[in-house]
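Engineer: Below are the chains, spelled out letter by letter.
2 protein chains.
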Amino acid sequence: MDKPSLPKGTRDFGPAQMARRQYLMETIRQVFRSYGFLPLETPAMENLSTLTGKYGEEGDQLLFKILNSGDFLRDIAPEKLRVKDSRKITPDISEKGLRYDLTVPFARYVVMNRHEIALPFKRYQMQPVWRADRPQKGRYREFYQCDADVVGTDSLICEAEIIGMITEVFAKLNLKEYSIKINHRGVLSGLAELAGVKEKETSLFVAIDKLEKIGEEKVREELLAQGFANEQVTTAFDVLTFSGRTEDKLKFLRAKFTGVPTGTKGVDDLTEVFRLLDQYGISSQHVDFDIALARGLSYYTGCIFEVKIHGVAIGSVSGGGRYDNLTQAFGSKERLSGVGISFGIDRIYDALDELKLFPESAQTSTRVLVCHFDEATRAYGLPVVKQLREKGVATEIYPDITKVKKQLDYADRKRIAFAVVIGADEMASGQLTVKNLATGEQQKKTIDELVASLAS
Amino acid sequence: MDKPSLPKGTRDFGPAQMARRQYLMETIRQVFRSYGFLPLETPAMENLSTLTGKYGEEGDQLLFKILNSGDFLRDIAPEKLRVKDSRKITPDISEKGLRYDLTVPFARYVVMNRHEIALPFKRYQMQPVWRADRPQKGRYREFYQCDADVVGTDSLICEAEIIGMITEVFAKLNLKEYSIKINHRGVLSGLAELAGVKEKETSLFVAIDKLEKIGEEKVREELLAQGFANEQVTTAFDVLTFSGRTEDKLKFLRAKFTGVPTGTKGVDDLTEVFRLLDQYGISSQHVDFDIALARGLSYYTGCIFEVKIHGVAIGSVSGGGRYDNLTQAFGSKERLSGVGISFGIDRIYDALDELKLFPESAQTSTRVLVCHFDEATRAYGLPVVKQLREKGVATEIYPDITKVKKQLDYADRKRIAFAVVIGADEMASGQLTVKNLATGEQQKKTIDELVASLAS
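If you read the sequences in order, they're chains H and L.
For reference, each letter of the first sequence is one residue, going 221 to 676 in our numbering.
For reference, each letter of the second sequence is one residue, going 221 to 676 in our numbering.
What the hints contain is simulated information worked out from the structure, not anything from laboratory work.
Owing to the predicted nature of the structure, the values given are computational and were not obtained by experimental measurement.
Quick reminder that beta carbons are idealized off the backbone N, C-alpha and C, glycines included.
Check the hints yourself; a few may be wrong.
Simulated DEER-style distance windows between Cβ atoms [said to hold, decoys possible]:
| # | chain 1 | residue 1 | chain 2 | residue 2 | range |
| --- | --- | --- | --- | --- | --- |
| 1 | L | Asp353 | H | Arg334 | 25 to 35 Å |
| 2 | L | Gln250 | H | Lys664 | 28 to 38 Å |
| 3 | L | Ser463 | H | Ala672 | 44 to 54 Å |
| 4 | H | Gly650 | L | Arg635 | 22 to 32 Å |
| 5 | H | Glu610 | L | Arg635 | 43 to 53 Å |
| 6 | L | Arg474 | H | Lys392 | 29 to 39 Å |
| 7 | H | Ser225 | L | Arg495 | 25 to 35 Å |
These stretches of chain H come out as covered by chain L in the derived footprint (C-beta under 8 Å, 3 or more residues) [unchecked claim]:
| # | stretch |
| --- | --- |
| 8 | 330-344 |
| 9 | 530-542 |
Go ahead and model the full structure; you've got the sequences and the hints to work with.
Structural biologist: Structure below.
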């Protein structure tokens, strides 16, 4: 029999990784909750009619499709099979696909449950998604997304709260060196208008998005090669490369955008977001207004966000923005504007790991192993185990009667913090030996003392 | 555009259901943890070579299979396509399937990571599984399993701990009327031997398993129709219908099984499990030794468990047992005996719902909505929101400036517990109006008083 293996691009998460992932996800969940976001879960499978056409042609190719059950070939015309056109046959043999992101299922949920939903609707969702991407370092075919979105309000309080949530998540994770980049679709559109390339703004944005990666020179060359005039490129870069404090940038742009309403709207919104942060008492210390930030602009219509952790070679770990109409793709006529943020669990995990920021509490799970020498000492240990568990202390008793060394080896391998060794002397005196397995330190304690000291 | 829909047999879990599901799953998780079980997560997709042949022929048909990416028809011989035999073509166009249970992926994980695993290995796993079953009331195509297993030890401490975990989960859930049925494969095999039908024991077990559903008369008829002799059936039923306390049953069986080693082994094990419960101080009040319990016997080799909640028409909500060799199906030569328990989340959810046992805390999530009249009062409210959140109180501020009535309606629909209304008077006096939305009761409080009272 062949050795079993995992499908490429997928992973198991064993106990050590899971403890860390649970710590990370629980931290994010607590912050989402404290801001009034409520949980939603949708099925892994969606009808292909729900998924197809939502992620562009490339996205459609990356959907994992599920083979229909039963005799799926029965109703296909033989001549259709003869052509062997996989793409054309797919709709005949597959009706369902795996979730590709959390936004489309969210939109589908809102459309289907519109009447029960109180607006503004604040939901969070933390579930895996699947993409048939070519697997590579740091890119997986199954990975978790952790999203929070508010729909049904245009209030910029939501944008301020997104910055608040990012700041709190990072504070709780002890991440101190990071930037929350913010920009606005209006600023970028205004910039395109200023440069006189309004009708080619998408090409401009795509090029700008590469600035950090390939640098100003290369982006200029690319734009010129695409037929932009030298003057147009220069105008754009005069704005893009303006540096200064946030207030300076806003002032500079406000002046530049005189008579450019989209640009002015962008500056107004950003000004308001910073004012709300101030009113809220949310620190804007990590917020970096970056005129050149241009992510997901086929989708976002207002503020856009992107978060980078300093000191690690890991791309953006979180991103989001405001969109105009969540449910449009499902034919809904009601305009439901919203704004959302997504945390990239895998990348944040890698960053915490690299920066050694996972706390001790996220390293292990079981705190105490009770060890024994024979039937009698094991029997004596059982109620001790029960008492510890009742106080919420994760405790095990070694189930088999075997050498104490073997039991302690097990505790070591499992990184258990304390061993309680029960021998005949301990049974007679009621004084149990408690060994700190990290330091080797030993103490004698009564059962009550033991429970009290570990439960705290 | 067609209205979007869900694939049949799948469900969304909106905020209200999620709050309850999280409460339920968190309760189980805490108990698993306190017993020293560590979390594992495996991918949704497994290679079909991992899944196929593990669940019987019917199970193989119920696997959801994933269509290969790209031009999946390319390498199929045209004559093979011409035959239109869906089953024969499946292996050519699908290499992966969705997880059907948590046991096979667990076994696959153990085989792949055998060298890093410290034995006994205690893992829990709470993830969805998928089965292409015909959907019907209470049966879904996607549902969660919550399993805990120990492998690598024969110690009956594990069986006692499974009873301990079930008892604790149910106590925490406030479920008071239930039975943990226990039996042993050895008792059933011994029974078959006693009745002289050793070579037909599987037919006997299948029939016994229907006792509760169709009654003694029908089971007798079925056995006779299958060619069992009247005497054989009578011998079996003399044992099956013996009633009495656990001690009486064990004594009765011990005498019956003189010279029947498999039966004696069953009685010995059960006796030891009850003795260990006693030593542990785990109540056996809910434990019901049921000689006629015969579940999953193609798989289990030792103790078997099944849990039923009284007073609701819901089948078994939890089950498990001891198996001989977890990794055998993957060709592993090492014998890894284990014992596991699985909680059926959907059924326990339905029972808690029907018995109205979900606590208030599992009903809602956001505790406080801050309401306001205009820009100034909203700005005054923002730091109040921040302080409440910092104390762990889930709090929202209504983002738009609108009528207070609309804001309170929102709080009602979202079942928020308290509204803090901030008007010009409140701003001037620093005394905020706090309204309990369930009782209508109003109080005036300073910000500090408010935070202190809600944070507690």
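Engineer: Run every hint past the structure and note whether it holds.
Structural biologist: Now the hints, each set against the structure:
{"no.": "1", "hint": "L:Asp353 x H:Arg334: 25 to 35 Å", "result": "holds (30 Å)"}
{"no.": "2", "hint": "L:Gln250 x H:Lys664: 28 to 38 Å", "result": "holds (30 Å)"}
{"no.": "3", "hint": "L:Ser463 x H:Ala672: 44 to 54 Å", "result": "holds (46 Å)"}
{"no.": "4", "hint": "H:Gly650 x L:Arg635: 22 to 32 Å", "result": "violated (51 Å)"}
{"no.": "5", "hint": "H:Glu610 x L:Arg635: 43 to 53 Å", "result": "violated (33 Å)"}
{"no.": "6", "hint": "L:Arg474 x H:Lys392: 29 to 39 Å", "result": "violated (59 Å)"}
{"no.": "7", "hint": "H:Ser225 x L:Arg495: 25 to 35 Å", "result": "violated (44 Å)"}
{"no.": "8", "hint": "330-344", "result": "holds (count 9)"}
{"no.": "9", "hint": "530-542", "result": "violated (count 0)"}
Hints 4, 5, 6, 7, 9 from the list above are not met by this structure, while the remaining hints are.
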